[in-house]
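J.: Letter by letter, the chains look like this.
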Amino acid sequence: MTGIDYSQKIPNNVNLSEDRALQRALEHWQPNYLNWWQSMGPDGSHGFDVYLRTATSVNPDGWAHFDHVKMPDYRWGIFLTPQDGQRKMHFGENKGKDVWQDAPGEYRANLRRIIVTQGDTEPASVEQQRHLGLTAPSLYDLRNLFQVNVEEGRHLWAMAYLLHRYFGRDGREEADALLQRNSGSEDSPRILGAFNEKTPDWLAFYMFTYFTDRDGKFQLSALTESCFDPLARTTRFMLTEEAHHMFVGESGVSRVVQRTAEMMNELKTDDPAVLRKAGVIDLPTIQRYLNFHFSVTIDLFGADESSNAATYYSAGLKGRYEESKRTDDHQLKNDTYRVLKVIDGQLREVEVPMLNALNEVLRDDFIKDSVGGVSRWNRVLEKHGIDFRLITPHKAFNRKIGSLSEIRVSPDGHLLTEEQWRVHQDEWLPTAEDRAFVASLMGRVAEPGKFANWIAPPVIGINRQPVDFEYVRFN
Amino acid sequence: MSESTQIEVMKQHLIDPEICIRCNSCEEACPIDAITHDANNYVVKPDVCMACQACLPVCPTGAIDNWIRVLAQEPYPIDEQFEWMSLPVEKTLPENAVEIPTGGRREGEQEALAAASTPDGGVVGELKPGDELIEGQPATTAGSSVPPWSAAHPYVNLYTHKNVAEATVAGNYRISADNAESDIHHIVLDFESLPFPVLEGQSIAVFPPGLDARGRPYYARQYSIASPRDGERPGYNNLSLTVKRVTSDYDGNPVAGVCSSYLCDLRRGDKVRVIGPLGATFLMPNLDRANLLMICTGTGAAPMRAMTERCRRLTKRSEFQGRLMLFFGARTQHELPYFGPLMGLPKGFIDINLALSREPDHPKRHVQDLIVERASDVLTLLQDPNTHIYVCGLKGMEHGTLAAMKNIVEASGQSWQELSAGLREQGRMHFETY
Numbered sequence: 325m326t327g328i329d330y331s332q333k334i335p336n337n338v339n340l341s342e343d344r345a346l347q348r349a350l351e352h353w354q355p356n357y358l359n360w361w362q363s364m365g366p367d368g369s370h371g372f373d374v375y376l377r378t379a380t381s382v383n384p385d386g387w388a389h390f391d392h393v394k395m396p397d398y399r400w401g402i403f404l405t406p407q408d409g410q411r412k413m414h415f416g417e418n419k420g421k422d423v424w425q426d427a428p429g430e431y432r433a434n435l436r437r438i439i440v441t442q443g444d445t446e447p448a449s450v451e452q453q454r455h456l457g458l459t460a461p462s463l464y465d466l467r468n469l470f471q472v473n474v475e476e477g478r479h480l481w482a483m484a485y486l487l488h489r490y491f492g493r494d495g496r497e498e499a500d501a502l503l504q505r506n507s508g509s510e511d512s513p514r515i516l517g518a519f520n521e522k523t524p525d526w527l528a529f530y531m532f533t534y535f536t537d538r539d540g541k542f543q544l545s546a547l548t549e550s551c552f553d554p555l556a557r558t559t560r561f562m563l564t565e566e567a568h569h570m571f572v573g574e575s576g577v578s579r580v581v582q583r584t585a586e587m588m589n590e591l592k593t594d595d596p597a598v599l600r601k602a603g604v605i606d607l608p609t610i611q612r613y614l615n616f617h618f619s620v621t622i623d624l625f626g627a628d629e630s631s632n633a634a635t636y637y638s639a640g641l642k643g644r645y646e647e648s649k650r651t652d653d654h655q656l657k658n659d660t661y662r663v664l665k666v667i668d669g670q671l672r673e674v675e676v677p678m679l680n681a682l683n684e685v686l687r688d689d690f691i692k693d694s695v696g697g698v699s700r701w702n703r704v705l706e707k708h709g710i711d712f713r714l715i716t717p718h719k720a721f722n723r724k725i726g727s728l729s730e731i732r733v734s735p736d737g738h739l740l741t742e743e744q745w746r747v748h749q750d751e752w753l754p755t756a757e758d759r760a761f762v763a764s765l766m767g768r769v770a771e772p773g774k775f776a777n778w779i780a781p782p783v784i785g786i787n788r789q790p791v792d793f794e795y796v797r798f799n
Numbered sequence: 113m114s115e116s117t118q119i120e121v122m123k124q125h126l127i128d129p130e131i132c133i134r135c136n137s138c139e140e141a142c143p144i145d146a147i148t149h150d151a152n153n154y155v156v157k158p159d160v161c162m163a164c165q166a167c168l169p170v171c172p173t174g175a176i177d178n179w180i181r182v183l184a185q186e187p188y189p190i191d192e193q194f195e196w197m198s199l200p201v202e203k204t205l206p207e208n209a210v211e212i213p214t215g216g217r218r219e220g221e222q223e224a225l226a227a228a229s230t231p232d233g234g235v236v237g238e239l240k241p242g243d244e245l246i247e248g249q250p251a252t253t254a255g256s257s258v259p260p261w262s263a264a265h266p267y268v269n270l271y272t273h274k275n276v277a278e279a280t281v282a283g284n285y286r287i288s289a290d291n292a293e294s295d296i297h298h299i300v301l302d303f304e305s306l307p308f309p310v311l312e313g314q315s316i317a318v319f320p321p322g323l324d325a326r327g328r329p330y331y332a333r334q335y336s337i338a339s340p341r342d343g344e345r346p347g348y349n350n351l352s353l354t355v356k357r358v359t360s361d362y363d364g365n366p367v368a369g370v371c372s373s374y375l376c377d378l379r380r381g382d383k384v385r386v387i388g389p390l391g392a393t394f395l396m397p398n399l400d401r402a403n404l405l406m407i408c409t410g411t412g413a414a415p416m417r418a419m420t421e422r423c424r425r426l427t428k429r430s431e432f433q434g435r436l437m438l439f440f441g442a443r444t445q446h447e448l449p450y451f452g453p454l455m456g457l458p459k460g461f462i463d464i465n466l467a468l469s470r471e472p473d474h475p476k477r478h479v480q481d482l483i484v485e486r487a488s489d490v491l492t493l494l495q496d497p498n499t500h501i502y503v504c505g506l507k508g509m510e511h512g513t514l515a516a517m518k519n520i521v522e523a524s525g526q527s528w529q530e531l532s533a534g535l536r537e538q539g540r541m542h543f544e545t546y
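Chains A and B are the protein sequences, given in the same order. Last residue of the first sequence: 799 in the numbering used here, with the numbers rising by one and none dropped. Last residue of the second sequence: 546 in the numbering used here, with the numbers rising by one and none dropped.
If you are wondering where the hints come from, they were derived from the structure by calculation, not from laboratory data. Keep in mind that a hint or two might mislead.
Capping the alpha-carbon separation at 20 Å, the derived lysine to aspartate or glutamate pairs in EDC-like fashion look like this [as the list claims (entries may be wrong)]: (1) A:Lys-707 <-> B:Asp-128; (2) A:Lys-419 <-> B:Asp-191; (3) B:Lys-518 <-> A:Asp-408; (4) A:Lys-421 <-> B:Glu-130; (5) A:Lys-649 <-> B:Glu-130; (6) A:Lys-649 <-> B:Glu-537; (7) A:Lys-707 <-> B:Glu-140; (8) A:Lys-692 <-> B:Glu-139; (9) A:Lys-412 <-> B:Glu-130; (10) A:Lys-692 <-> B:Asp-150; (11) A:Lys-649 <-> B:Asp-128; (12) A:Lys-649 <-> B:Asp-191; (13) A:Lys-692 <-> B:Glu-537; (14) B:Lys-507 <-> A:Asp-329; (15) A:Lys-707 <-> B:Glu-139; (16) A:Lys-412 <-> B:Glu-530; (17) A:Lys-774 <-> A:Glu-586; (18) A:Lys-412 <-> B:Glu-537; (19) B:Lys-518 <-> A:Asp-422; (20) A:Lys-649 <-> B:Asp-145; (21) B:Lys-507 <-> A:Asp-408.
From the structure, some residues in chain A lie toward chain B, with a derived Cβ separation under 7 Å [to be verified]: (22) Tyr-490; (23) Gly-492; (24) Thr-564; (25) Phe-571; (26) Gln-611.
If you want the footprint, here are the derived chain B segments under chain A, 3+ residues with CB under 8 Å [as the list claims (entries may be wrong)]: (27) 128-137; (28) 140-152; (29) 172-185.
Even for Gly, the Cβ is constructed at its ideal location relative to N, Cα and C.
Take the sequences, apply the hints, and build the full model.
T.: Here you go:
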């Protein structure tokens, strides 16, 4: 079954109606989800018709169905890529055996933990972005924000389904808890640090969707390799949606950079004060935002050495990015990997067992991918004849997790004393003043085809619609 | 102009590195691994891509939808594409060059391509994603994502929404019995001098005239071609469709099908706007010793009729020695499209099995029941490496037919998993269900 049955209360392609107990459990969860969406979802947006993309089948031909939809009517549901029936475990100690269609008893707790951690990030980003609708720089951007929001909501559904379907009472309780924790809450915050940070302005949103949703791409890719087949099939479909989020971030920052470059050429200046006065975001401020979001995001991959990561891999719960395309033995017992450590007062790479360094392997894959995108932003500057180049900071910069969290390192990788860090910190990370300035530029632009002064229009519209298309109707 | 001196150009499928965000969706979506990447770029392998466009809808940026005309012998290799920072500008091409379909031309296929091409090589229209234009496309994932190795090379997307073809209705005949509930029509479309080369198993999409409730033109609807490659009338540039008038929706509420009503009411001489041909995998083997195991319901009979008729014509010329076995499901005998002509075929040529679910005085039977009843013959066919399986009809058939074949194979002590994996990999098991 590859189509999605929209006639059901909970749209799905998993034959939900054949499992009455599960259906009832999810129907019990659904009103709580809708309550959560009403109170924590996009602020003041409930009456809008938004030009949203909805999947009507998990095949390529049913993937992108566009129409104006009110967000509360968006058909959240459970969509898994079709089971291929031939999959074998392709890494870890059980390599060669059939993949699991159920959660094996000995791995239940770890699988549940992986799914809860992933699931917790999905509603968190909706919560972090809930006020941004009020300050969207265009209808095009507002629509993109809402598309990201509804898909994050659907990803939460996907994880809640796995918890309900495969983890019994514990799973149901964990699914309830996903709606009870809240981003930034003092009493019950979200599990991962980056998801408790604020996303107060649109530059932060673009940086978040570029870097943090790219973390999602790598985590989901590692989970698509999982030998727990329902998780692999769920995350594979989520990845297709995640791609749009990264697009919003990459093109968003690119358009901010473009607008600043245009203004720099127009005014023939690179003076941040003059540019700020002209209503665009100066490049050093963009660099500070980049430094912040990059460093906070790479913390999401966890400690550089982790026995949990080794256990997950050897058991077949979570693979590496592009596991099936790698040519080693997929067991890694005799392999090593180089991780950064401070030795004799210097940052040095040391070899550690690969199995314990798998978080670092994934982080390095992410960094390589992120650097590529930053070089594409620099091409915008090159095209405009501007010498400034954005750079990704050193891996050890501003870390809060792992062995690097105990040291201070500059963006170019020099070890610093606490005093040196304190003196220069404001050059490297966004200051309260930076944030206040960026916030001062935020104001809703709601006329089709019009864009705020600090951002360039996109090259092409969504689904080949014109840029001045009415992407959101306020009614 | 001889084949060897003809200058050929094709539209090469390329990804715009300036817009691509390297999200990997296209590589994931490509059914034949034609897309790959390095640290810098995502690229399309020109010798693998069949222009099936499965990658287009998943791309969040539109970067994937680029087609540049190049000399067919000199497409941009992937090593060069890896280095790009932006797309190259299209080179000036010889004016007398002939356009051939995008991608998929490999050694050994030259002959098959020639067999399927028009004398002047045909013209490739602008490629646009079919999903935006065509409603209710069949799902084909349960089976192979590649055609049989011997299949003739198909033309796809010669005509698109920007370049719509017009056909003339040469005939429209009701083929279900007068007292049957279903109103099924056999419709012949003539393309006159317009190049429209098709193969058995391909389909076309028809634009019904008029506007929908929101004032927009209707989407095109896809229909399998019911005639063989050399035409409904051999040697003429025409094809036929099998269309059932839709009178109720999925929930059973009365509704008049927009496109099926339009088609069933057509008169001879009427003009019809179509795009296509569509489909590059649900194709029959081009081999005189191939066996076809065909399973269908209702208007899913269309491609089976095309294939059967192709084989019948070849048999008449002693050019085909394979075996045909057909499982055909319908509610009653009166509702079987092509029942009369089908029964007229020689028993030694095709082994016909009818599964009637609502025939009075007969036990209710579905195609999967019949497949199990004929287990030993089906098993013999399944074990023959020259056998190809085709399933077309309602979505619900997929599960039942697969389960029936699995039962038969496993009852003989063999592994269905292994056998079916081989069938899929070798392009020998095809599903087209809706």
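J.: So which of the earlier hints does this model not fit?
T.: 2, 4, 5, 7, 9, 11, 13, 15, 22, 23 and 26
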